[in-house]
Amino acid sequence: MVARIEGISKYFFIRHNRSYFLKERAIALLKGNFREKKEMFWALRNINLEVKRGEFLGLIGPNGSGKSTLLKLMAGILSPSKGKIFIEGRVAPIIELGVGFEPDLTGTENIYLSASLYGLTKKEIQMNYDEIVRFSELEDFIDVPIKNYSTGMQMRLAFSISLSIDPDIFLIDEILAVGDEKFQAKCFEKMEEIKKKKTIVFVSHDMHAVKMMCDRVCLLVKGKILDEGPPEKVIDSYHKLIAVEE
Amino acid sequence: MKELLNYRYLLFNLVYKQVKLKYRGSFLGFLWSLLNPLSMIIVYTVAFKYIIRIKMENYVIFLLAGVLPWSFVVNSLNMATSCIIDNGNLIKKVFFPREIIPISTVAFNLVQLLLAYIVFVPILAYWKGLSLSLAFLPVLLFLHFLFTLGLSLLLSAVTIYFRDIKHLVEVLLMLAFWVTPIIYPLSMVPERFHILMWLNPMTVFTLAYQKLIYSGQFPALPAIVIMLLWVIGAYVIGSKTFAWCRPKFAEEV
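Chains A and B, in that order, give the protein sequences. Residue 1132 is where the first sequence ends in the working numbering, and the numbering goes up by one at each step. Residue 806 is where the second sequence ends in the working numbering, and the numbering goes up by one at each step.
Bear in mind the hints are in silico, worked out from the structure with no lab data behind them. Don't take each hint at face value.
[As the list claims (entries may be wrong)] A few chain B residues facing chain A, derived, Cβ under 8 Å:
{"id": "1", "residue": "Leu563"}
{"id": "2", "residue": "Lys646"}
{"id": "3", "residue": "Phe649"}
[Unchecked claim] The following residues of chain A were derived to be distant from chain B, with all beta-carbon distances above 12 Å:
{"id": "4", "residue": "Lys917"}
{"id": "5", "residue": "Ser1036"}
{"id": "6", "residue": "Leu1057"}
{"id": "7", "residue": "Ala1071"}
{"id": "8", "residue": "Lys1076"}
{"id": "9", "residue": "Val1107"}
{"id": "10", "residue": "Gly1115"}
{"id": "11", "residue": "Ile1128"}
{"id": "12", "residue": "Ala1129"}
[Claimed, not checked] With a Cα cut of at most 20 Å, we get these calculated PhoX-like pairs of lysine-lysine:
{"id": "13", "chain 1": "A", "residue 1": "Lys917", "chain 2": "A", "residue 2": "Lys938"}
{"id": "14", "chain 1": "A", "residue 1": "Lys1082", "chain 2": "A", "residue 2": "Lys1097"}
{"id": "15", "chain 1": "B", "residue 1": "Lys573", "chain 2": "A", "residue 2": "Lys1033"}
{"id": "16", "chain 1": "A", "residue 1": "Lys970", "chain 2": "B", "residue 2": "Lys801"}
The beta carbon of each residue, even a glycine, is placed where N, CA and C say it ideally should be.
Produce the complete structure using the sequences and hints provided.
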């Protein structure tokens, strides 16, 4: 077991008429409702989950069901309102590709900047540098500012950097493959290879990818785990749920 | 603290990025980092040596001794108030010790100050000659860096909750410039106001810089003790407040 989630709950405050300005506050005060409306929104309620070493766990569910929140809690980006999370080893959240990219810096400079955001040392990045460039197929453009890259090229660079992080647990939000068809095939091939060695928690709406890659799937609905088990079974109960709602 | 050490390369990269981006695309590029302080020195020299003709001996050196570290503080604090918000995307998407952001902001401004000294020290040597007291400058810079970092940690964290602080800080710093003995020596201030001047933490630091650079003397022991107390106070309050606000950053930015 590499990750254990014990009784995790997370709420946010949603401010409906948050008055940032003194003027608005004063008017509200005169009208007598000086307390701003604050609504507690429970993104996750009492979640218990274990992730085993080497497992590829999928998280599925409708929009706003708390999948990404759970990922961010596991990454340490958000802190839980209740409960505890135990994680063994280094975690790399790939919540968005190309976080921290600077358009005015070159491909090389962005590789060093972006990889260091994930805690890699200079030595580690230098060791992986050739592999990142090779995988991204951007050898000819690596000393060009990335503002001159196409979106696809930027994504290829970002994806290649993510692959070099080498954590114990990958937390991936939606992104398994980027670029054109040929590059996507290469991404999936690489993911199959990573799957053999690493623990991965994968959030997705792409049921095809989930069925293909995951060992086990959790269905999250309104912040609760409704079903858990082998991909076919859980995807099936997700589809039934959608059918019932319609 | 151990976490921070693991991420030192990120700190380096964030500072490097800001230095590099500041003049990127300009023909002279990095040279501007040196031309900027040089032009300031030239303007001051023309203004105060040849036009206004202040009676004080070597007034330009006196002025620069105080102005350069003052700019470091002003630029650091003004950038610190918005640094967490400006880096909101990083905070929401990646995990790293959040302290890195205000630290890199202050470190970037320290680099600017050091570059200004690269220009200023040779000019000082030519005009006045270098004295042994300059050996204390790295120690003073280090204390001053820690003091500014403490304030920056405090301001960067609380601005998340009260966005007005950014504008308040701008106004207060403008005011503080005139109640710190930078363009006038402390001796010009009537005795009965001295106690007020000493309540301003920038006074003791500014006097120390003037003593090192203008008078060529080491700062007195009481001055060093007072500076240390300010450093410890600012750093403890700053880092505690920052740690206290930190868990909510990703939700509030």
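Here is what the structure says about each hint:
1. Leu563: 4 Å, holds
2. Lys646: 4 Å, holds
3. Phe649: Cβ of Phe649(B) sits 6 Å from chain A, so the hint holds.
4. Lys917: 23 Å, holds
5. Ser1036: Holds, because the least Cβ-Cβ distance between Ser1036(A) and chain B comes to about 21 Å, which exceeds 12 Å.
6. Leu1057: 10 Å, violated
7. Ala1071: Label holds. Min Cβ-Cβ 27 Å, cutoff 12 Å.
8. Lys1076: 21 Å, holds
9. Val1107: 23 Å, holds
10. Gly1115: Nearest chain B Cβ is 30 Å from Gly1115(A), so the label holds.
11. Ile1128: 29 Å, holds
12. Ala1129: 34 Å, holds
13. Lys917(A) with Lys938(A): It is violated: about 56 Å lies between the C-alpha atoms, which goes past 20 Å.
14. Lys1082(A) with Lys1097(A): Holds: Lys1082(A) and Lys1097(A) sit about 16 Å apart, inside 20 Å.
15. Lys573(B) with Lys1033(A): 16 Å, holds
16. Lys970(A) with Lys801(B): 17 Å, holds
When the structure is compared with the earlier hints, violations turn up for hints 6 and 13 and for no others.
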